[in-house]
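Protein chains in written order, with the working numbering: chain H, 1 to 553; chain B, 554 to 900; chain D, 901 to 1222.
Check the hints yourself; a few may be wrong.
Derived pair list, reagent style DMTMM-like, types lysine to aspartate or glutamate, alpha-carbon separation capped at 20 Å [to be verified]:
| no. | chain 1 | residue 1 | chain 2 | residue 2 |
| --- | --- | --- | --- | --- |
| 1 | B | Lys-639 | H | Asp-325 |
| 2 | D | Lys-988 | H | Asp-219 |
| 3 | H | Lys-205 | D | Asp-978 |
| 4 | H | Lys-150 | D | Asp-959 |
| 5 | H | Lys-147 | D | Asp-955 |
| 6 | H | Lys-435 | D | Asp-959 |
| 7 | H | Lys-150 | D | Asp-955 |
| 8 | H | Lys-205 | D | Asp-955 |
| 9 | H | Lys-416 | B | Asp-618 |
| 10 | B | Lys-639 | H | Glu-397 |
| 11 | B | Lys-639 | H | Glu-282 |
By construction, these hints were calculated from the structure, which means they are not laboratory data.
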Amino acid sequence: MRDRKALVAVLLVAAAAVYAAGSSSARTNDHRGGTLKLLAKAAGGTLDPQVNYTLEYWQLYQASYDGLLAFKKAGGNAAFDVVPDLASGYKIRNGGKTWVFNLRKGIKFSNGQPLTTKDVVASFQRIFKVKSPTSGSFYQGIIGASKCLKTPATCTLAGGVIGNAKNNTVTINLTAPDPEFKYKLAVPHASIVPANSPASDAGTKPLPTTGAYYFASYDPNKALVMKRNPYFKEWSHAAMPAGYPDQITQSYGLTVESQITAIENGQADWTLEAPPADRLNELGTKHADQTHVETLTAFWYAPMNVNIPPFNSLKARQAVNYAIDRNALVKIFGGPKLAVPSCQVLPPGFPGNKPYCPYTKNPGTKWSAPDVAKAKKLVQESGQKGAKVVVISPDDEVQKAVGVYLASVLNQIGFKASSKTISGNIAFTYAQNTKNKVQINVQQWYQDYPAASDFLNVLFGCDSFHPGSDSSINMAGFCNKPIDKQMHRALKLEQTNFPAANALWAKIDHQVTDQAPMATLFTPRHIDFVSKRVGNFVFSKQFYWLVDQSWVQ
Amino acid sequence: MSGAIVGEVPAEAGDLAAVAVGPWQLARRRLLRNRVALGMAGLLVVIVVLCLCAPLYADHVAHTDPFRSNVSGTTIVNGKPVPVMKSSTQGLGLGVTPIGPTWDIHHYFLGADEQGRDVAARLLYGGRNSLLIGTSAALITCFLALLVGGVAGFFGGIVDGVLSRILDVVWAFPVYLLAISLSTVLIARGLSFGPIHLTSGSLLLPIAIIGLVYIPYVARPIRGEVLSIRRREFVEAAIGLGASNWRLLWSDVLPNVITTAIVLFPLMLAIDMLTEAALSFLSIGVQEPNASWGTIILDGQDVLYTRPAVALAPGIAIALTVLALNVLGDGIRDALDPRAKLRRTDS
Amino acid sequence: MIRFVAHRFVSMLFVLFSISVLAFLIFFATPGVDPAARIAGRNADQATLRAVRHDFGLDKPLPVRYALMMKKLFVTRDLTSYVNRGAKVIPQVTQAAPVTLSLVFGAAIIWVLASIGMGMLAGVFRGKPIDTVVMVVGLIGISMPVFWLGEVVNLFTQSRLHGSVFSWVPPLGYVPFSHSPFGWFKSLIFPWLTLSILYIGIYARVLRSAIVEAQEEDYVRTARAKGLTERRVLFRHALRTSLIGFVSLFGLDFGALVGGGALLTEVVFNLHGVGKLTYDSLQNLDLPVILATVIYAAFFVVVANAVVDLVYAWLDPRVRRA
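With the rest of the complex left out, here is chain H (with noise of 0.2 Å):
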């Protein structure tokens, strides 16, 4: 009998220990499920992956949309390798100019279709038939592409792009050798979308997508919810990994103070606005352990106007450099450990950068001190004292501190100088239009992708300056013809000797500099604000934090 009872006892103990065991293995279980709440002040605009040109959103593509290469999910500058995605490979033939892909088999879109060679040639056709921002910039080196931009609504990029659905290879054809071809397929306007996607903008109507996630439904004045994908199977942990959350949501309409505040109180998990300057003390002492600040390969600069008074003189221009107290720019912008000052164009560790500062007190590598006597003095001789200056500047916060601290310093040393602000909508597009005769404006730079004729290139060639046009980038309108001979030998070395070419891109960087087409200000930190309960943090170089990657649970 007690034996019996012994046995019972016993077998009902280990049950319990057993079932112990199970449940809280469940509970520690790889951290799978659960929401995670993202915040917004507004949203992004449209949703299709081939017009979308936001940082809110493509960061949120990243979980979803693939091409047929991808930038690598990982952080740091690894971030920055291009690994293959929905091709299991790539062979680069004909001198460059031919790009052949291997498809992957047995990848479904979000409803269910499978993916075919149809599909991808199709979708880059749509590139052109939505009129993708950057048709004309990244992709019209395609074959066929400059038909499709004249006429996009026909686009057929015949002997551009061609699929082979028997052997499931892709063939890409360019007019000219292309080594930035590879970042160009990788970001999501070569989003690959299921062939009967509207050859129309899609708006607020998502898209199919192959990746972790799809957009369950989106509501511009509300939220967008982000869904596991069922018909996802992790196939390059590299190029798309499997997410944590099941369920991801996106907020808009809060002011930036109630999000932080959100946040605090474990309302919300993270913003994508920058916390304001009055928050930043106590993000840094009382939530230490839930802020991640990260260097950025972007840079704030005031482009100068070179083709009207009185930034039509050099001497002007450097004036402006070597009076701006650059350290103030960095209090502005909420301390040293957030900025770091700069003078010349291309960030600090980008490819093509080497370190150079002319317009401080001790000229060399590193800014260290205004030397407003010179500025002072250079004004003077430019016979420009006394101009009248407008700095234009959108209306948030920072920038319009920013722009207020400018007009600031112009007065110190001896133009008649005033600060205006723009609404933030129309700002960037205001600025660029030459009928709009703007002096001097607060901008900044962010990389699409990593390398120097990202920022040379587009922001001070001749082929970028449009008088008239609201999309003229080259806001300085800065086109000395030297200089652009030098950045087409740049690009065309990076055909064949990577390293030359960075080292041409070098000397550009600091002839460009030399000429003050804009003040470089400084080098922005970025800062992630994220509630106790994320974990495993990860902030890739090319798309920030990637968002899928961190659990709640």
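Based on the hints, put chains B and D in the right spot on chain H.
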């Protein structure tokens, strides 16, 4: 009410003599006897004088230029030099905090804003602009509303119909859109209306916008009053006697309606100052380098969590000024009420 | 009566038409608003720019553009936003309307009741200390900018005292009544109070001075002479005509608020109502949404004016006879 009875002649002997004096002089005397209203008038005078002395304060007392960024500057607190904008050194070392109120009128009395500028000095300069804008806009509103409301109420018919519809359009007008558009357009070039030249930073812009937008608000009550006055016997009688319309408007209707306008004036001043704050808060009111209490509140939003003084000070300044204006307005109303002649003076 | 309504209906159409034309013209006179460049994205090709502009119909002359937009808005009702492509404008407005109505009705009830109470108190006890106290309290309310007050309220309810006194306050935003009536109430209580503080002071003053004036009027003195109690005099006679000024002002204010006039309150408290929609569309310079919200707001203003005129005639028989 102490039960004044109909038709009772005022008991105070002094008033008997006053009956022979005109209504305006009577009103003045009544106002002068209202101590609370006088106190508020005094407060207003103090505020206005302080604001007008802004340049004196900035140059000779605080020794600061409140329109120049001073991000890297220093000031003296308790005899020791301290940076105006202090970088955080704790934790991750993020953020830069401006100096808080020092309560020392020579050095950053109310602290610094996000550009390192002296808030107290800016508050005084800002007051000048806020008062100027509020007063000018209220004058424009009351004057034009008297005109429009008077004409509409008096003539009735088609004139009233057209004017009322125009007032509807003005009241429903997308003011913020106009303000955004105007401020953007004027950055590149100015606008000219005869002798008036508008540039982007001109104060005439918010004055005109605010003044014009509130005309319907004042014109409607005035129109209503004119409508009811029009039907009164003395007006009918005057018309019967053959008086011309304009003469009637001027000599009979206007004096009765003007008290309404006068009473509404301080109310409109208050509303206009608040509207100016709202427009400046949206960056479409007063522009840099000018400051107003509204722009300082906007500046204060940026440092609300660490230096609430920057936002509180102009808010309190507006509240005090508006309070004083309204109490004074009440006093004026009490003094001007024509029926006061028949009332006991314990009111 | 029919003639009055017909007459006002025609003038309403006129007002709406003028407002929409004015908004349209002002928009296109503003530099930098071309949606094509903003949609085409940064560093867009000139050909791309031209193609996008053609998509929007922006290469057509102004009157044609206006007519097309009005047709899309009223006839086919499929007008879409310039900034959030594909998002239809009319559903945005109809979804935002209940939020604004909840905010405005609640605030109106609070401010009407409070101002009637305060106004009567001050008017009846005129000259005594309570008169001054009541008026000053009201005045403080109207002296504060609403956006500032809202931010300060949030500072306390969401941040500083959120852990203790205000832990019951939900995160900023609107909870639909159908989801949870109690949640709806909790999410709106502070917006109601903030918005009504702005108006209580004004209305209490108007009512007070109207009561004081009315008490001197002949017909009130007649009523008193007839021997009616003070209370009867106040309520049935003095109050009736005092209400004229009150109603007139209320009509204008309420009409403007329903149409989206409380935009700063909605923004500060994250209530996605018509006011916030207006504010966002202005920030984005999104013409279709601007037009829709401007016409929506104008409609209510005009209707409110017409209703006020009707009520005015009903309340003051002297005007009715005219």
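Here is what the structure says about each hint:
1. Lys-639/B to Asp-325/H: 16 Å, holds
2. Lys-988/D to Asp-219/H: 10 Å, holds
3. Lys-205/H to Asp-978/D: 15 Å, holds
4. Lys-150/H to Asp-959/D: 17 Å, holds
5. Lys-147/H to Asp-955/D: 19 Å, holds
6. Lys-435/H to Asp-959/D: Since the Cα atoms of Lys-435/H and Asp-959/D sit roughly 18 Å apart, the hinted pair holds (cutoff 20 Å).
7. Lys-150/H to Asp-955/D: Within the cut-off at roughly 14 Å; holds.
8. Lys-205/H to Asp-955/D: 18 Å, holds
9. Lys-416/H to Asp-618/B: 16 Å, holds
10. Lys-639/B to Glu-397/H: 19 Å, holds
11. Lys-639/B to Glu-282/H: 14 Å, holds
Figure legend: structure checked against the earlier numbered hints; every hint is met.
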